[in-house]
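**Student:** Protein chains in written order, with our numbering: chain C, 34 to 285; chain S, 34 to 285; chain F, 34 to 285.
Just so you know, the hints here were simulated from the structure itself, not pulled from any lab data.
Because the structure is a prediction, the values reported are computed rather than measured.
Mixed in with the good hints, there may be bad ones.
The list treats identical chains as interchangeable, and a pair is accepted whether it falls inside one copy or across any two copies.
[What the hints assert, rightly or not] Under the rule of at most 20 angstroms between Cα atoms (straight-line distance), these lysine to any residue pairs were calculated in the SDA-like manner: (1) Lys38 / Glu236; (2) Lys211 / Glu57; (3) Lys68 / Glu106; (4) Lys243 / Ile120.
Letter by letter, the chains look like this.
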Amino acid sequence: MFEAKIDATALRECLETVTAIVDEGKLRITDEGLKLRAVDPANVSMISFVLQSDAFDEFHFSCESEEGDNETEIGMDFVKLLGILGIGGKEDIELKLDEHAQKVYIRMGSLAYTHSLLDPASLRKEPKVPELEFPAQVIIETEEFRRAIRAAEKIGDNIVLGVDGEEFFMEAEGEMDKLRLGLTKEQLIHLTPKTVSSLYSLEYISAMSKGMSHAENITLNLGEKYPMQLDFELAEGKAKISYLLAPRIESE
Amino acid sequence: MFEAKIDATALRECLETVTAIVDEGKLRITDEGLKLRAVDPANVSMISFVLQSDAFDEFHFSCESEEGDNETEIGMDFVKLLGILGIGGKEDIELKLDEHAQKVYIRMGSLAYTHSLLDPASLRKEPKVPELEFPAQVIIETEEFRRAIRAAEKIGDNIVLGVDGEEFFMEAEGEMDKLRLGLTKEQLIHLTPKTVSSLYSLEYISAMSKGMSHAENITLNLGEKYPMQLDFELAEGKAKISYLLAPRIESE
Amino acid sequence: MFEAKIDATALRECLETVTAIVDEGKLRITDEGLKLRAVDPANVSMISFVLQSDAFDEFHFSCESEEGDNETEIGMDFVKLLGILGIGGKEDIELKLDEHAQKVYIRMGSLAYTHSLLDPASLRKEPKVPELEFPAQVIIETEEFRRAIRAAEKIGDNIVLGVDGEEFFMEAEGEMDKLRLGLTKEQLIHLTPKTVSSLYSLEYISAMSKGMSHAENITLNLGEKYPMQLDFELAEGKAKISYLLAPRIESE
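From just these sequences and the hints, can you work out the full model?
**Tutor:** Structure follows, in structure tokens:
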């Protein structure tokens, strides 16, 4: 049994972080809230998503599984759901799961939306989160990061993110030009001094950049020719999102 | 002889209701105002439109017809005219018909636009309005109706509109999901309790939904597997528009 | 040596006037400021552009040329540069030329953009400005002019601009309709009474119309079947732009 009630904007913003990586996936419902972990179709990026039960105005869950698991897994089409939520309205959204019918009922004011669950067997397995250690960490205002990404999109397909001593930098290079964002420790919310950098596909970072647009700050975890982990919070800190992105092999 | 002056916004909003159904058509000018009745090219929907002479700041009409008719019929390209009016400006619009030259002169501030009339013989005949009796009537805020239509567009191609006892409902069904707007008598401006419903093409209702966007309320006249008549007013009640839409035959 | 600092909005607006005519070109740097003269690829329109050194917050230039010229010529991709500046931000922009490396360094807050100069030999020669005498001059509010252009775009491909006695007019004719803007001397900022008119390609005037969108007034210099010169200022009068447009030969 799962029944819950949540602010429409909070749910919409959370779904946007998910659809930046995958169109559909498995959502796990537990006592603690909603959880999701998924990789994009090309296996380049991953999202780990938790929307805590205390982000909801109401949250009732009890597991009916015979196996004694303390969670229920449902397959959802996030893009479709976001499309419906996106028509607007600021009223609370009520969610209700009917496991037997394999449906989720969503109520937005006078609109009732019934979403048939996807067969979890038809969906990709939840990925394992690799064990990673990041030597450098940077906390930056989201808008500053997003602006540099928008500019980099005009230049090329890849971007280098790194820390050079006490400076965080982003660098994109085209045939005729080059763009560099450099921010010293003082201009950042936090920086671990280090010397590391990695090359990433701008296509994936651009998608993530849209997904994070409602977060105030983001935390970048970086290494040398290493994956990047990008963390942020929504719903007044009660939604926690981590994007993980594999580095590109530099051609030179 | 026809000469008139009208607020630009009022004329623009009226033209938008017409172009939701037809691109061009015959406009009748009478003492009482401007009138139009037209069906869309596929014969699925019809508009009956009256813009009363008292909606104009000035309205002068005298018929020069030898047949003693008390009206003049002109063929117009409404899409083209709306395109020109749509470039904006809030000043009054002056209209002047030159029947001999078969032109309409339109003045918007310092811009003068001359529109050659279409040959009425090249245009479809004005349709007869079928005699219909509607068992159920619902009055609803336009924005509530339009929001449900926008959501339904995400689901499928058809929509059911009906009254179920004291509830008005709209229902769209896709392969994987279903959307339902349900409003009780208390949530509506008016409702005739009844049990009727019909299926309509969403394509046509979407077009009408754009056409009615400036109206505050709309009146839905409904029946069982029956056409729907959708009435609303613009120009402070001095423009009266009725859309008529044929039902679809349900496939089940 | 060239180093300068300028308000981001002023530079962006100036670049927009240039990209209305050409994508890339030769910019001359002198003591007096930045200068450019270029024709579009089809040789129909020309821009003469001066951004005075006093429009800059800082402007340092000294010529290193051995030939003793008092100017430096650089080849730039204006569209690319405007794309980068267009991502926004209102901070000052710092420009620095490295002639040996053939690069321009542009700093916008924490973003540093390096633009490789184009080989001037690969660019078209700077055109000569033809000697022209214009019998009629009209000064008009930019927005009034642009609105007439937007309306004319709905009608046809060409537009007549002229002065008829004490009236300035713009006229576009389609197959079925005709649009005319007529403004008397009293409705204009200035008019030289005359009787002249010429036909121009709307495509070029539409591009210019975008380029001039931030100017308050424009000055039209007109003649009989003659080129048109369109002058305006930006950056508080410290940027001076002239568009020159060849007339079309009237088909009748």
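**Student:** Need the list of violated hint numbers for this structure, in ascending order.
**Tutor:** 1
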